[in-house]
Amino acid sequence: MPIRIRAPGRETRRIRPEDAVKAINLVKESIKLFTAGPPIIHRGPAGETHIDIPLIYNGYAFDRIHYDPYTNTFSPKGRPVHAVNVQVDRGKVWEVSKRYIRELYVIEAVEYREPEDVWVVPLAWRCYIVAHIKVSYNGEELVPDYPLTEEITGRFM
Amino acid sequence: MKLRHNMIRFIVREKLLVALFILFLAFLIYDHGIVERIPKYVNMDALIVIFALLVISRSIHVSGLTNRIAVKILSRTRGSPYTTLFYMVLITYLLAPLIMNDGTIFVMVPLVIAVAELSGHEEALLVSLVTISANLASIILPIGNPQDIVIWTYYGISLSEYVSASLPLYFLSLCLLIFYVAFLSRKLIIKELPILPRIRLDRRLALASVVSLITIIITAQLRNPLIGLIITLTLILLSRPRTLLEVDYPLLAVFLLMFIDFSEMPHLLGIQSLISMMSPIQIYGVSLVLSQSISNVPATIALIRHTIYWKPLFAGVNIGGVGFLPGSMANIIALRLSRMKTRDYHRYALPFFVVLALLGLLLVYIGLYG
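Residue numbers (the working numbering), protein chains in the order written: chain C, 1 to 157; chain S, 1 to 370.
So that you can see chain C by itself, here it is in the shape it has in the complex:
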């Protein structure tokens, strides 16, 4: 049975478990097509380095994965690494990330974000959740992270 939910003062979309399953399957199908975008390297005022790897499909970015330059691995979502006294080789970071992206897998459970009207499907690398992919309410279309896409567009040029 479809679940019907209401926000205070307004009717909201009727969400259905089968759409959530469709969203998960769509991300499972899409995961092979995702590539690692050029690393986004931020340098803080104290000289600390913070690296994010954008997850790309067809020129659109979907989420950023935190990169740990100390261990040269992905860092879990919610734990950006601000590294000090570490040499960062952009090319190497990109190469390593391209390899790790191939190891991503889908966690078979979703959350629903009402304001954006999307399902959010978690992606894991080894034992960490590293990214979220947004899928439209009907589970049929991927929803890009537009500000991130905008951030990386300049970096391609």
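Note that these hints are calculated values from the structure, not bench results.
Since this is a predicted model, take the numbers as computed values, not measurements.
Hints should not be assumed to be uniformly reliable.
Said to hold, decoys possible - 30 Å max Cα-Cα, derived DSSO-like pairs, lysine-lysine:
no.	chain 1	residue 1	chain 2	residue 2
1	C	LYS22	C	LYS32
2	C	LYS77	C	LYS98
3	S	LYS40	C	LYS98
4	C	LYS32	S	LYS341
5	S	LYS72	C	LYS92
6	S	LYS341	S	LYS40
7	C	LYS32	C	LYS92
8	S	LYS15	C	LYS22
9	S	LYS72	C	LYS98
10	C	LYS92	C	LYS28
11	C	LYS98	S	LYS15
12	C	LYS28	S	LYS72
13	C	LYS92	S	LYS15
14	C	LYS32	S	LYS15
Given the coordinates of chain C, work out where chain S should sit on it, guided by the hints.
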């Protein structure tokens, strides 16, 4: 410290812009009179159309429209290497006249890389074919690439006259590409492609982009592209204002400096009269060689003010965009977006360029581009 770091990053990223600016400074030091000649050198109509198209191509991509078209067409390939390659070329031929050759590269190369990875086809082969296609497909409409916008606006050619002139070269290059695709795909293995996911379509932005595109074509044709630009900016501002922040403004500055620097060059070298005496075949040859060495937009700007033969110039700079890497900005962008090596691009592009250049020469010789 941060400012210095950002400046270094900007210089590294915008090498071409910085080089053109340094060249401009050198011209300025050599002859202050360049400042007075700037208004004469800069083709404002072309610059306005290029700006509008940079906005529109970005908004078409952001709206998800290009992804829809690509996914729809690719879902019909059934894994056949010939069909995959053919459809890649076909999608590019459909997109390039609408979102410009550079815009098409931005849309197609990431998709091509994904398809290459999944199908096991050589990435360099697919990227090279798409890059060649983007350069040649964009010639059918004058809004397809910067050098044609410059030619179209400078000579005041009507849209119908332009299209009828571009058709022979367009179809010749398409036929040659289909033949080339068949030749290159004969050794590739068949592999089933997966279902390609769709991106959520922003209908409002897609509609605004299409309306803007039609508007800029009409207003440019009526020699008033400023109105088209104002309408475009208004529609995009009403649909998704952030798109305007995503436009490649340094690229616009590159075109502005190209207008100044490459118009000044013949003036400094004193070769204006030499160019003006050239026959159509010589214009074709010079534009071809110049495009291959300094890229086709600067070649157009350097030659356009000194020749009345726009057709051989059109053929030369457009064919000259294929071949060696510097021929077109689209080639350089494709190389930056992919893992393709320069020699791999040349391996596929040069044989095609030689045949097309000879056929182009034949078209000029028989008077079709005379």
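Where does the structure disagree with the numbered hints, that is, which hint numbers, in rising order?
3, 5, 6, 8, 14
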